[in-house]
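Asker: Residues per chain, in single letters:
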Amino acid sequence: MTNPNAIKNNPFKDLGEIPEKKYHNGYTLDSTYITVRDGVKIAATICLPKGLSLDEKIPTLLTQTRYWRTMELRIPFRWLFDSMITNAPNPEIVTSRGYALIYTDVRGTGASFGTRIIPFSEEEVKDGSDIVDWIITQPWSDGNVVSKGISYTGTTAELFSGNNHRAIKAVMPGHGFWDPYTDVAFPGGCYDLAFMQMWSFLGKNLDLNSPKVFSQIMPEVWLFVKGVKPVKSDKDLKLLQDAIRQHESNQYVYEHTVNRDFRDDKLPDGTVFDDISIFARKEKIERSNVPILAWCSWYDSGYVDAIINRFMNLSNPTIAILGDWNHGASLSANQFFPERTIVTPKPRERINAWINFFDKCVYGDGIQGKIIYYYTLAEEKWKKSRVWPPKGHSYQKWYFSENYSLTREEPATDVGADKYKINFRTTTGRNNRWWALLGLPITYYDRNKIDEKLLCYKSQPFRSDIEITGQVILCLYMASTHDDGAIFAYFEDVDEIGNVTYITDGEFRLIHRKILSTEPPYKMLTPYHSYKKVDSSPLIPGEITEVKFGLHATSVLIKKGHRIKIAIAGADKDTFIRYPTEGRPTITISRNKEFPSYIKLPIISKE
Amino acid sequence: MEEIIPSLKGMLKDAIIIKSDATRFEITITILNKLSENVADPDEILVMLKMFGGLKENVPMEIDINNKTQNIELKFQTEEDFKKIQKIMETIWDDAVDMLEQTIQGDFSRIKTVPKIDD
Numbered sequence: 001m002t003n004p005n006a007i008k009n010n011p012f013k014d015l016g017e018i019p020e021k022k023y024h025n026g027y028t029l030d031s032t033y034i035t036v037r038d039g040v041k042i043a044a045t046i047c048l049p050k051g052l053s054l055d056e057k058i059p060t061l062l063t064q065t066r067y068w069r070t071m072e073l074r075i076p077f078r079w080l081f082d083s084m085i086t087n088a089p090n091p092e093i094v095t096s097r098g099y100a101l102i103y104t105d106v107r108g109t110g111a112s113f114g115t116r117i118i119p120f121s122e123e124e125v126k127d128g129s130d131i132v133d134w135i136i137t138q139p140w141s142d143g144n145v146v147s148k149g150i151s152y153t154g155t156t157a158e159l160f161s162g163n164n165h166r167a168i169k170a171v172m173p174g175h176g177f178w179d180p181y182t183d184v185a186f187p188g189g190c191y192d193l194a195f196m197q198m199w200s201f202l203g204k205n206l207d208l209n210s211p212k213v214f215s216q217i218m219p220e221v222w223l224f225v226k227g228v229k230p231v232k233s234d235k236d237l238k239l240l241q242d243a244i245r246q247h248e249s250n251q252y253v254y255e256h257t258v259n260r261d262f263r264d265d266k267l268p269d270g271t272v273f274d275d276i277s278i279f280a281r282k283e284k285i286e287r288s289n290v291p292i293l294a295w296c297s298w299y300d301s302g303y304v305d306a307i308i309n310r311f312m313n314l315s316n317p318t319i320a321i322l323g324d325w326n327h328g329a330s331l332s333a334n335q336f337f338p339e340r341t342i343v344t345p346k347p348r349e350r351i352n353a354w355i356n357f358f359d360k361c362v363y364g365d366g367i368q369g370k371i372i373y374y375y376t377l378a379e380e381k382w383k384k385s386r387v388w389p390p391k392g393h394s395y396q397k398w399y400f401s402e403n404y405s406l407t408r409e410e411p412a413t414d415v416g417a418d419k420y421k422i423n424f425r426t427t428t429g430r431n432n433r434w435w436a437l438l439g440l441p442i443t444y445y446d447r448n449k450i451d452e453k454l455l456c457y458k459s460q461p462f463r464s465d466i467e468i469t470g471q472v473i474l475c476l477y478m479a480s481t482h483d484d485g486a487i488f489a490y491f492e493d494v495d496e497i498g499n500v501t502y503i504t505d506g507e508f509r510l511i512h513r514k515i516l517s518t519e520p521p522y523k524m525l526t527p528y529h530s531y532k533k534v535d536s537s538p539l540i541p542g543e544i545t546e547v548k549f550g551l552h553a554t555s556v557l558i559k560k561g562h563r564i565k566i567a568i569a570g571a572d573k574d575t576f577i578r579y580p581t582e583g584r585p586t587i588t589i590s591r592n593k594e595f596p597s598y599i600k601l602p603i604i605s606k607e
Numbered sequence: 001m002e003e004i005i006p007s008l009k010g011m012l013k014d015a016i017i018i019k020s021d022a023t024r025f026e027i028t029i030t031i032l033n034k035l036s037e038n039v040a041d042p043d044e045i046l047v048m049l050k051m052f053g054g055l056k057e058n059v060p061m062e063i064d065i066n067n068k069t070q071n072i073e074l075k076f077q078t079e080e081d082f083k084k085i086q087k088i089m090e091t092i093w094d095d096a097v098d099m100l101e102q103t104i105q106g107d108f109s110r111i112k113t114v115p116k117i118d119d
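In the order they appear, the protein sequences are chains A and B.
Heads up: the first sequence runs through residues 1 to 607, numbered per the numbering used here.
Heads up: the second sequence runs through residues 1 to 119, numbered per the numbering used here.
It should be emphasised that the hints constitute simulated quantities derived from the structure, not laboratory data.
Take the hints with a grain of salt, since some may be wrong.
As the list claims (entries may be wrong) - Below, in silico cross-link-like pairs of lysine to any residue (SDA-like), each with a Cα-Cα straight-line distance of 25 Å or less:
| # | chain 1 | residue 1 | chain 2 | residue 2 |
| --- | --- | --- | --- | --- |
| 1 | A | K226 | B | D95 |
| 2 | B | K50 | A | F81 |
| 3 | B | K112 | A | K370 |
| 4 | B | K68 | A | D234 |
| 5 | A | K370 | A | H256 |
| 6 | A | K419 | A | K346 |
| 7 | A | K212 | B | K75 |
| 8 | A | K235 | B | K112 |
| 9 | A | K532 | A | H482 |
| 10 | B | K9 | A | H482 |
| 11 | A | K559 | A | D574 |
| 12 | A | K346 | B | D118 |
| 13 | A | K238 | B | Q105 |
| 14 | B | K9 | A | F81 |
| 15 | A | K204 | B | K116 |
| 16 | A | K235 | B | K9 |
| 17 | A | K57 | A | D133 |
| 18 | A | K232 | B | L35 |
| 19 | A | K204 | B | N66 |
| 20 | A | K212 | B | K68 |
| 21 | A | K232 | B | I5 |
| 22 | A | K532 | A | M218 |
| 23 | B | K75 | B | S7 |
| 24 | A | K226 | B | E79 |
| 25 | B | K56 | B | K68 |
Claimed, not checked - Not the full set, but computed from the structure, chain A residues with beta-carbon under 10 Å of chain B:
| # | residue |
| --- | --- |
| 26 | L29 |
| 27 | M84 |
| 28 | S215 |
| 29 | F224 |
| 30 | I244 |
| 31 | R245 |
| 32 | W398 |
| 33 | K533 |
Stated by the list, open to error - What follows is a list of derived Cβ distance ranges for each label pair:
| # | chain 1 | residue 1 | chain 2 | residue 2 | range |
| --- | --- | --- | --- | --- | --- |
| 34 | B | N66 | A | D446 | 34 to 40 Å |
| 35 | A | D446 | B | S7 | 34 to 40 Å |
| 36 | A | G369 | B | S7 | 41 to 47 Å |
| 37 | B | S7 | A | T115 | 41 to 47 Å |
| 38 | A | L208 | B | T69 | 46 to 52 Å |
| 39 | B | F108 | A | K384 | 18 to 24 Å |
| 40 | B | I5 | A | P139 | 52 to 58 Å |
Fair warning: this is a prediction, and the values are worked out from it, not measured in the lab.
From the three backbone atoms N, C-alpha and C, an ideal C-beta is built for every residue, glycine too.
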């Protein structure tokens, strides 16, 4: 059951009314190769509103993907549906609103030619501009192009704006990164082994047109889909075979990153992680001044922080939305209401809101300024703010104290510490915020039981409701028996009868603990760690050191009578690589006058 | 994909006619929907029989595909082979949809019984 209040206030309803326009029923389907500046052929599927008259000109919605732009269905399903059945959104919705819809396979993928060494390369981004050049010369084009996507395609849409092509009028990146090092590959410097391995495995099989990969990852897709859709003219599949042969030279991020540790480690083409980030292309994107509708979820990997960083750092007119769903918003992920099966707002409502946004940018005067809509968990309410952090924001410190408690009082004693031997069997399972990037549901259940293996600190029941919105900062004064390690910290709500609900978490590899006072590459609200080799240093066993980092952003109401809890682990075995690779460290967390470990909560006052 | 499951069996049965001729050991599949592309390759028919029909062994058959009439004719040498495929075809659409539905719901028991598919 979805909270009616949530439906009423959802921000997608705020994005304007559907304008009076001629609508079309149904669409025509075509495909072709678009040759870009260096001769590489990019496969494109084109959906146009059915019955478009010769003199009618329409804008185009472009999506550039690496996951097959269109799929060839298996028999017998191909006898019932056209190949767009697996595409989201269904072209019918978009074409009926008067847009041409074009999907392309980015170079080195699907039925496109070329090879790829890294994702989101400069060449891949420039292809977007060449594709726009092709679009605006088509007889049906009115010269306007917008782009949207979720996850990979969301990032291609955002980077696309940096091409500064006059035809690009708006972009809608959903669930995309800002800083790929911290948002996805190495959150807190900890290598997301599971995702990087699976994503590379998936990508390699897709690029070789091997549907067998789905039998292991998404078996329902394997039953339905045979491979990538060749372009229409490629009757004997020779072009597809030639393209796939070129993909054999592709390289994949897992091989490039699995034995790396640092942000400045070089990728094979001489670039570093930052080069494929959004923040490194900030100036180009800002120069375009293209309006952005960006959305994500509090529970989605580090992409939640990407939304906030984008909102704080880009000057483009922006609508940002943070909800309570999974990666891609197909499922509810609200941990306070695990029984919810329906995501709010529903997909069709969201899609129509995107198109309203595009309409405003193509036909109207666009959007002005920046606004962020965010959903406060447990309060179950949408809010909006023109600034981040929102008005009324301040930090409140809670100190680690005796008997595994959290208190507002600073420690007064000279002694006080808790030991914890790292348990490398601890896990958040395979339905956590990181595995979610593979399209899986998000469930952090049984936290009570899991917390038994962790070092936990709990507050007394709150005397009144308190809203926490932003990034919780964790500061530990700690020593270890080993020179390497990681901290995984879970921030939780405990209700009156002791049920524990996951709110957010943070992870941090201890060799990156140095906090820099220099200017970070972008504005951030958490301690600045460079994650570069030069700033890293092993722990000195037995020596107390400060470890301070931000958890992933959240917005939650801690209700009167509830408690907050911080649970600390040293591993998350089904997701992250193990630090150190051998041995089982014991950590000691100090909680005394000289070394007062604490968490800092971003509180929003009601006044 | 989930949304189409409830109506999928009916859609398949409405759009595809299967006729058997026991005297000539022939099965004819006719697709009523107007297709914009070729009906299928013979290999795809074999994959369909293995994947959704549970066919484990290689059954000798001639597969004639007529893209104009949208007919597929499966011709067998022996009655035994004919009856084997005829039996599969009697329930193949129900089996395919049930398998898809189970898999979407996270039950992979049936998918594990699918023999090796080369595609």
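Asker: Are the Cα atoms of A:K226 and B:D95 separated by 25 Å or less?
Answerer: holds, 18 Å
Asker: Is the distance from the Cβ of B:S7 to the Cβ of A:T115 consistent with 41 to 47 Å?
Answerer: Holds - the Cβ-Cβ distance for B:S7 and A:T115, about 42 Å, lies within 41 to 47 Å.
Asker: Take a quick look at whether A:K212 and B:K75 sit within 25 Å of each other, Cα to Cα.
Answerer: violated, 29 Å
Asker: Interface hint check: A:F224, Cβ to nearest Cβ on chain B, cutoff 10 Å. Holds or violated?
Answerer: holds, 7 Å
Asker: Report holds or violated for the interface hint on A:M84, using the least CB-CB distance to chain B and a cut-off of 10 Å.
Answerer: violated, 12 Å
Asker: Take a quick look at whether B:K75 and B:S7 sit within 25 Å of each other, Cα to Cα.
Answerer: Violated. B:K75 to B:S7 sits at ~31 Å, over the 25 Å cutoff.
Asker: Does the structure keep A:K57 and A:D133 at a Cα separation of 25 Å or less?
Answerer: holds, 16 Å
Asker: Would the stated hint for A:K533 survive a check requiring a Cβ distance to chain B of less than 10 Å?
Answerer: Not OK, violated: A:K533 not within 10 Å of chain B, min 43 Å.
Asker: Does B:K112 sit within 25 Å of A:K235, going by the straight-line distance between their CA atoms?
Answerer: Judged against 25 Å, a Cα distance of about 33 Å means the pair is violated.
Asker: Check the hint pairing B:K9 with A:H482 against an upper bound of 25 Å on the C-alpha distance.
Answerer: Violated - the C-alpha atoms of A:H482 and B:K9 are around 61 Å apart, more than 25 Å.
Asker: Does 34 to 40 Å hold as the CB distance between B:N66 and A:D446, or does it fail?
Answerer: violated, 58 Å
Asker: Taking 25 Å as the top limit, are the C-alpha atoms of A:K238 and B:Q105 close enough?
Answerer: violated, 37 Å
The earlier numbered hints that this structure contradicts are 3, 5, 6, 7, 8, 10, 11, 12, 13, 16, 19, 20, 21, 22, 23, 24, 25, 27, 30, 31, 32, 33, 34, 38, 39, 40.
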